[in-house]
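Sequences listed follow chains F and Z, in order. No gaps in the numbering here: position 276 of the first sequence is 276 in the numbering used here, and each next residue is one more. Add 424 to a position in the second sequence, counting from 1, and you land on the number used in the numbering used here.
One or more of the hints may lead you astray.
[What the hints assert, rightly or not] Okay, derived cross-link-like pairs now, DSBU-like style, lysine-lysine, Cα gap no bigger than 35 Å in a straight line:
| hint | chain 1 | residue 1 | chain 2 | residue 2 |
| --- | --- | --- | --- | --- |
| 1 | F | 39 | Z | 427 |
| 2 | F | 227 | Z | 705 |
| 3 | F | 39 | Z | 457 |
| 4 | F | 242 | Z | 836 |
| 5 | Z | 751 | Z | 807 |
| 6 | Z | 427 | F | 15 |
| 7 | Z | 619 | F | 15 |
| 8 | F | 39 | F | 15 |
| 9 | F | 86 | Z | 807 |
| 10 | F | 74 | Z | 753 |
| 11 | Z | 539 | F | 295 |
| 12 | Z | 751 | F | 128 |
| 13 | Z | 834 | F | 182 |
| 14 | F | 15 | Z | 622 |
| 15 | Z | 427 | F | 212 |
| 16 | F | 344 | Z | 539 |
| 17 | Z | 539 | F | 402 |
| 18 | F | 86 | Z | 825 |
| 19 | F | 39 | Z | 807 |
| 20 | F | 128 | Z | 836 |
| 21 | F | 227 | F | 265 |
| 22 | Z | 753 | F | 86 |
[Claimed, not checked] Taking beta-carbon pairs under 10 Å as the criterion, some of the chain Z residues facing chain F (in silico):
| hint | residue |
| --- | --- |
| 23 | 444 |
| 24 | 479 |
| 25 | 495 |
| 26 | 517 |
| 27 | 662 |
| 28 | 700 |
| 29 | 734 |
[To be verified] For each label pair, taking beta carbons as the anchor points, the in silico distance ranges come out as:
| hint | chain 1 | residue 1 | chain 2 | residue 2 | range |
| --- | --- | --- | --- | --- | --- |
| 30 | F | 424 | Z | 719 | 37 to 45 Å |
| 31 | Z | 818 | F | 16 | 54 to 62 Å |
| 32 | Z | 775 | F | 29 | 35 to 43 Å |
| 33 | Z | 594 | F | 232 | 57 to 65 Å |
It is worth saying that the hints were derived from the structure and are not from the lab. Each residue gets a CB set at the ideal place from its N, CA and C atoms; glycine is no exception.
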Amino acid sequence: MIDRSIIPEIETIHKLNPFTPNKVLLDNNTPCFFIEGPKEPVVKINLVLNAGAKYGSPYIAKLVNGLLAEGSQKYPGNVLVEELDKYGAYLFSSVNNDFATVTIVTQTQYLSDVLPVFFDAAYSPQIKEDILNAQCKRSHSALVEAYMQNGALSDAEFMPMVFGSNHFYGRVSHPENYQNVKRDDVVRFHSEFYNSNNAFLMVVGDITEDVKNTVVSIANQHMHFGKVAQFPKIIDSSPSDKRIILNNPYTQQASVTMGLESIGKKSDDYISLKIAVILLGGFFGSRLMQNVREKSGYTYGIYASLISFQQTGLLKISSDVKGDKAFEVEQQILDNIIDLQKNKVSTMELQRLKNYISGDLLNSFDGLFALDSAFLSTYMYGLKLDFFTRFADIINDFTADKLMEMMNKYIELDKLSTVIVTQQ
Amino acid sequence: MIKFEEITLNNGLKVVANYDPFTPMATLNILYKVGSKHENPEQTGMAHLFEHLMFSGSANVEDFDAHVENAGGSNNAYTTSDYTNYYITLPAVNIETAFWLESDRMAEPVITQQKLDVQKNVVIEEYKQRTLNPPYGDVMLNFLPLIYQQHSYKWPVIGKNIQQIEAVNLDIANAFHARFYHPSNAVLSVSGNVKPEKVFELAQKWFGDIARPAFVSCVIEKEPLQTASRRSVLERDVPLDAIFMAWPMQGRDSTQFVQSDLLTDLLSFDRSSRFYQLLNKEHAVFAELDAHVSGTIDNGTFVVSGKLNPEFTIDNGISLIEDELSKVKSGIAENEVLKVRNKAVTSNRISRLDHSNKAPALAFAAMLGNTNHVNTSIDDYLKVTADDMQKVATEIIQDHKANVLIYTAKNKLK
Numbered sequence: 001m002i003d004r005s006i007i008p009e010i011e012t013i014h015k016l017n018p019f020t021p022n023k024v025l026l027d028n029n030t031p032c033f034f035i036e037g038p039k040e041p042v043v044k045i046n047l048v049l050n051a052g053a054k055y056g057s058p059y060i061a062k063l064v065n066g067l068l069a070e071g072s073q074k075y076p077g078n079v080l081v082e083e084l085d086k087y088g089a090y091l092f093s094s095v096n097n098d099f100a101t102v103t104i105v106t107q108t109q110y111l112s113d114v115l116p117v118f119f120d121a122a123y124s125p126q127i128k129e130d131i132l133n134a135q136c137k138r139s140h141s142a143l144v145e146a147y148m149q150n151g152a153l154s155d156a157e158f159m160p161m162v163f164g165s166n167h168f169y170g171r172v173s174h175p176e177n178y179q180n181v182k183r184d185d186v187v188r189f190h191s192e193f194y195n196s197n198n199a200f201l202m203v204v205g206d207i208t209e210d211v212k213n214t215v216v217s218i219a220n221q222h223m224h225f226g227k228v229a230q231f232p233k234i235i236d237s238s239p240s241d242k243r244i245i246l247n248n249p250y251t252q253q254a255s256v257t258m259g260l261e262s263i264g265k266k267s268d269d270y271i272s273l274k275i276a277v278i279l280l281g282g283f284f285g286s287r288l289m290q291n292v293r294e295k296s297g298y299t300y301g302i303y304a305s306l307i308s309f310q311q312t313g314l315l316k317i318s319s320d321v322k323g324d325k326a327f328e329v330e331q332q333i334l335d336n337i338i339d340l341q342k343n344k345v346s347t348m349e350l351q352r353l354k355n356y357i358s359g360d361l362l363n364s365f366d367g368l369f370a371l372d373s374a375f376l377s378t379y380m381y382g383l384k385l386d387f388f389t390r391f392a393d394i395i396n397d398f399t400a401d402k403l404m405e406m407m408n409k410y411i412e413l414d415k416l417s418t419v420i421v422t423q424q
Numbered sequence: 425m426i427k428f429e430e431i432t433l434n435n436g437l438k439v440v441a442n443y444d445p446f447t448p449m450a451t452l453n454i455l456y457k458v459g460s461k462h463e464n465p466e467q468t469g470m471a472h473l474f475e476h477l478m479f480s481g482s483a484n485v486e487d488f489d490a491h492v493e494n495a496g497g498s499n500n501a502y503t504t505s506d507y508t509n510y511y512i513t514l515p516a517v518n519i520e521t522a523f524w525l526e527s528d529r530m531a532e533p534v535i536t537q538q539k540l541d542v543q544k545n546v547v548i549e550e551y552k553q554r555t556l557n558p559p560y561g562d563v564m565l566n567f568l569p570l571i572y573q574q575h576s577y578k579w580p581v582i583g584k585n586i587q588q589i590e591a592v593n594l595d596i597a598n599a600f601h602a603r604f605y606h607p608s609n610a611v612l613s614v615s616g617n618v619k620p621e622k623v624f625e626l627a628q629k630w631f632g633d634i635a636r637p638a639f640v641s642c643v644i645e646k647e648p649l650q651t652a653s654r655r656s657v658l659e660r661d662v663p664l665d666a667i668f669m670a671w672p673m674q675g676r677d678s679t680q681f682v683q684s685d686l687l688t689d690l691l692s693f694d695r696s697s698r699f700y701q702l703l704n705k706e707h708a709v710f711a712e713l714d715a716h717v718s719g720t721i722d723n724g725t726f727v728v729s730g731k732l733n734p735e736f737t738i739d740n741g742i743s744l745i746e747d748e749l750s751k752v753k754s755g756i757a758e759n760e761v762l763k764v765r766n767k768a769v770t771s772n773r774i775s776r777l778d779h780s781n782k783a784p785a786l787a788f789a790a791m792l793g794n795t796n797h798v799n800t801s802i803d804d805y806l807k808v809t810a811d812d813m814q815k816v817a818t819e820i821i822q823d824h825k826a827n828v829l830i831y832t833a834k835n836k837l838k
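Given the sequences, and given the hints that come with them, work out the whole structure.
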């Protein structure tokens, strides 16, 4: 009989072997990065543009991005998606506050067939009035549905509270935004921000010489020139309310959202603060999960995260909780922050955190989609790939004192914004 | 091609190993052949609640997650109507930790009253978050008992109601473990940078001494043939009226499943699909329209669902759906078949990239009795013709077999 009281030995992970992208410059100096991935004949190509919500209004940026697959100048209407689908290619697009991304996943044997379609979709969409109206209608009803739930309701107040309602990171979409959209605004946004000078390309997967040559050649043939986007001006408009309580008649739970503006990825303290926030609420063993979920049973999940924007950061803590426990959870969150500010974590807890993060870093480079995310999470923020080796080094040397320092330096309780949503 | 080797231990535990030397990681996946369909109708939601309880600790493991995280890993689990699946992903050098943890909780979980009470509360909050809060969140609570009159697929995995979850006590929880959590009712798979011989050695070391209990059969009522259509109309706090239609079909291991799975791709997967083209009109009847198959092991369902734009009626919606399904029965173009086949190939290639996808896929195929199906299933999809899809549509989509659930919006969007 095996003696299960004897715990298997573990190795802690100290070294990482991050990947090295191969950088090629296109004819207009647009960078194109190639990252070797798993050896299945598939590649994922991202065209990343400085075309996020901050450059206009969130709903216009989203509409532009969503319309790219609905027909282009050379492949009008359905023809575009039919051309991609017959080769089994998947076209995605997404937009956040800073960037818009157009992505294609394709079998490498069809690369030269799908790439021209991909670039035409990104740079020359048709933006037909009837399709735009159909999209607006769908977006409107989807947002109405979202606003019946605590998450969207909270964010609609939280983001303007943290950044100011005129700040480009404080703006959120409301359903009524989709009821008065003008095609000219959509076309103008695309025309200004969707061009090859305002972008970079990234290819991950089975990278052969043939793949590289095909991508570079077709990208060069499909240049679309324009200007590089300039960061918008920050309009400072801090709101007066730091704590709001809302009612949601549709919910059976309450919710708590708390946070404040924080540091961005380029800050010297970013990695250290990130480690501290992970301990607060970034994994299952975190203080918040252990206390609010596993000890109290007040929630299915509670999370703290350090969200990165290109020009700043955001510390956000949120949870959907038992209906009558919102204020108790709010207090528990504050108590957990204060505890980490005043009391050093134990050696055991610190080692668990370090081991978890080291393993997670190792997993960050594992697989097609992980490599993709790992690269984008650094390059998009002006960082080099040594970010991950620096992370590994910092984690190895991280101390309980450093954790306390970060908690005190960057989480001032009187600067926290709080939104509580209660049941009616 | 996913290369694998497999053995069965003396106690009935099936072990599958896929070696991938190009990753520093590994995933250990353990699947138990117990899902919501195996539950007592007075104790629904038990399989899912027990999934939570498996993290409460075991004879030699006070804090399961702490050990996983100490080993640089992460873990999770999910429950379906057919099985419950647990997985740990961690640096391959620490794979033995995963074997130790999983074997200890298979052998002897320790569930205290306090932990039971906490997890009941957590699951109840999950119930509210996923089922009661979101608009349309309670659809399955109302749809499944319409579709299934006898078979225990008639209640959702989360359970029929919160009261049944609240009523679970320690005896019920321990009896559930004793009945379903043993080696001959499980499949263990490892994918990653661990050689098969090492996987088998560790499996024998940690699981080999766990006894196989006497077999206790689980009687699951067969669903009788449906002979008349069924309809239910409910008013809800939702922004748009919605239609949910389902027809019974064969289970996961059938040719009918493959043919109808590809058919639903043709109808609604991606932007060139027939349903998407209907949405993309300025005066579209539907705001959302989808088709999918349930993919359950026992008899499944072919489902079409949609949310109606406010200016259109339920009858408009049903009429349009019926029209579209009728068109499919009359003709499918060769280019449509080519599209969905090629998409299936791309999806299949992507699914083979990652150990965290390969491990559960291997376990699932092994559970169904043919592990190599992970490699051959794509061939089944590539054989499907336009004719096959038309025939399967005709077989499945028949008026007298329709189950229709309507949600009318209390305060419809204007």
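Problem set entry | Ascending list of hint numbers which this structure does not respect | Structure breaks no hint.
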